[in-house]
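Protein chains in written order, with my numbering: chain L, 1 to 522; chain B, 1001 to 1343.
Think of the hints as simulated: they come from the structure by calculation, not from any bench.
Don't take every hint at face value.
[As the list claims (entries may be wrong)] Straight-line C-alpha distance at most 25 angstroms; calculated PhoX-like pairs for lysine-lysine:
id, chain 1, residue 1, chain 2, residue 2
1, B, K1149, L, K35
2, B, K1248, L, K41
3, L, K173, L, K229
4, L, K222, L, K201
5, L, K113, L, K86
6, L, K178, L, K86
7, B, K1145, B, K1014
8, B, K1248, L, K173
9, L, K173, L, K226
Chain by chain, the residues run as shown.
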Amino acid sequence: MEELNEKEVKQPEEELSLNDDRRVKVLSPGTLVAKRFFRNKIAVVGLVILVIMFLFSFGGILLSPYSEKQYFYKEEEMRQPIGGAKELTELSYASEAGSPSPTLKIAARRAIKANETAFTDAGETYTIEYYGDRFFEVFDKDGNLSFIAYYNSVNFISAGEELTFDLRRAALKAYEQKPISFSVNATDSTLYSIDEDGLIKRGEEDYAYVLSYSINATEEDKFFSKDFKFALIDCIENGEMKEGNEKEFTVTENGVSTTYFIFYDAAKNTWDIKEYRYTRIYDRYSAPSKEHWLGTDGHGMDMLTRLMYGGRVSLLVGFIVVIIETVLGVIIGGISGYFGRWVDNLIMRIVDIFYCIPSTPLLIILGAMMDAMKVDPTLRMVYLMLTLGFLGWPGVARLVRGQILSLREQEFMTATEACGIRASKRIFKHLIPNVIPQLIVTCTMGLGSTIITEATLSFLGLGVRFPFASWGNIINDVNDIYVLTNYLFVWIPAGVCIVLTVLAFNLVGDGLRDAFDPKMKR
Amino acid sequence: MLLLSGAQAPYMEKLMRKFVIKRILISIVILFFVGLIIYAVMRFLPTSYIETIARQKSMQPNSKSYEEWMAQLSVTYGMDKGIILGYFQWLGNAFRGEFGDSWFWTVPVTEKFHETVWLSFIMGLISMILELAIAVPLGVIAATKQYSKTDYTISVLSFITISFPTFFFASLLKLVFSIKLGWFDLFGLISREHYHLTAWGQFWDKAAHLVLPITGLVVLSIGSLMRYTRTNMLEVLNSDYIRTARSKGLSERNVIYNHAFRNTLIPLVTIVGGSLPGLFAGALITETLFKIPGIGYTSYQAMVAGDIPFSMFYMVFLAILTLAGNLISDILYAVVDPRVRLS
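Using the sequences plus the hints, can you model the full thing?
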């Protein structure tokens, strides 16, 4: 089909080729410019770079699996405290109605230390019944149980059980007489038994055990198993002390063995239990990898994605600024050049004044002020573009005015005047289009310099601010010498992007200038 | 001036004087309005910002009290008056050289200025000499060998240097020469053991600290000067008198260096003359990046800290330098090139 079509098209052309008018291929001025431009290899290279940069910044965003403000985390192994263990060398007290009064505790403690069977407190006499040397029952003068004093702790096999006073009393009492069977109280007929190791069975099932250590988890919902606690105590008593008051032991639970570390804290007479645990932290400055082709930045964001969004911001800021200054410049320069005389004089003096305003210091001061006023980053960007655009128009105005001054004297302008065309139409329909070639060149070059200005301000922290990315503020990280030295992947790519883009704009601008005006070639 | 022939000389001189006076008067008028705009911008800064800054400054040790700062501000800047009246008050003070005390440096603005400006000037002067020494020959070579490989290389290189942002190039310089090679310090003008060195050693210490900043300044600015030289040289080479010189059978060397290059000097002299005042302006970004205590870095610190007296002084100073530069290049252009009509 295609071949057929081609033949059909070719035939009439062959006929026409005999015609003299058609023999010379007529090219429009635009085509000529394009031809001249594409003959310039350097300019074409610039154009290719620009296309790539645009695809990267605007198309890349669509392809990137990540978003501009997406944080990444990583898991890091860190020794984290999970609990503490302490040998029970101090008496504890408990009664049915809670804890006995402090004075009563002190009196009881003194009596137990002195191995006395009776003591008085607040005029009342109490008797102590000894069960071994780690459990004691204290009775008042009527022979009723007042409270119990004990060293050991009662631990359950499974989580969620509540230790009642009766159970504690029965278990601790039984522990001193082990092995023995016992019941908790008169109303409860369940039979418990305790073996040599201190393991308590309820009926046939393992229920609880008694330890001379208190072992607590740091987190409330964490529950230590019997195996863990036994291994821990074994480690405390028999483990080999390593450097730094450290011992380690391994527990195998459900087929997984975990190594724990315990550190003796002499001041508190406790053992801190630690284990290697994975913690979620920001994945800062991670090296390039399959997930992050250019690594991540100081906030834990994907560098490549940030670069794309940064490119979008830098290019957009560049374009908007150049559009603002061109529109202002063309209008003001056009009026000035066309009307001449005092209008021209006045406008050109205004241009001179704007030319003299030192723009960098002004931008720095405004940036610092916006910092102090905590202006919203989006608003800041708008202000930045407006300021840059408003400071940049005098250059365009001068160019347009100069061009128009010379064009005004040419015959075609006399013709428009003779035709009686309106002044505004003469300026914008007949004069300005003739200025457009120079304007395009200036704008292209201007885009490059605007991008540099924006990047410099953002680099100083006075332009586009986080959370927005811009090529300038990405490089900002090099202010940290450590980043400058070690994380080249953080700042080099952004710098290369700026250089390539600005270079491309300059090359294309230069190529366009040559293409528009071959007489002025270089 | 030597180009003026005897009979024309008095007339031309009269014209020239008129031209210069006119330009100076226009410059003064422009300066007046530039100052007004700068003053207005400062006045339009939110009052709360100024008060915050003044309050912060008064917290500093050895500082004046908040009320004193604000009172001084009102006196120097006429804050209590309208913009126009206030501007005239400030202008009056400025004429007497009273720019007030810097908030950030807590010394009179002019004192700090005298302290720092010479370092910037020296840096600028050295960079400019190097820049000319490198860029002009390269530009001439590129023009004489138009469309050759050398020409393309030089052109592309000049475009690359134009396209580098200062901060990126400075970072690369630091990475290579300070960190990898360890030849220079990263920041500052003096090293830690500076005060234990002999006078000569101190001089070399400072010189070594200026190497990287000056390299940065020179490399990033040769591009445009190179292209400028090349364009002008090409224009001259295409002119009729060069064809005449060649057809006379002069050697190519003679044509290029005696006939073409001399004429290329005309635009070069004007552009160089015009940039002379700029040597005092300081390289704001470069100095800041290398923490060189010249006028640029000093002003940057002041501006970021919201030091209004210093900022205003610096901006007006820059405006004066720009105007002076334009004036010098206009006058030089008229003086050096007899073809320019003085009207």
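Please name the hints from earlier in the document that this structure breaks, with their numbers sorted from lowest to highest.
Hints 2, 7, 8 are the ones this structure does not satisfy, whereas the remaining hints hold.
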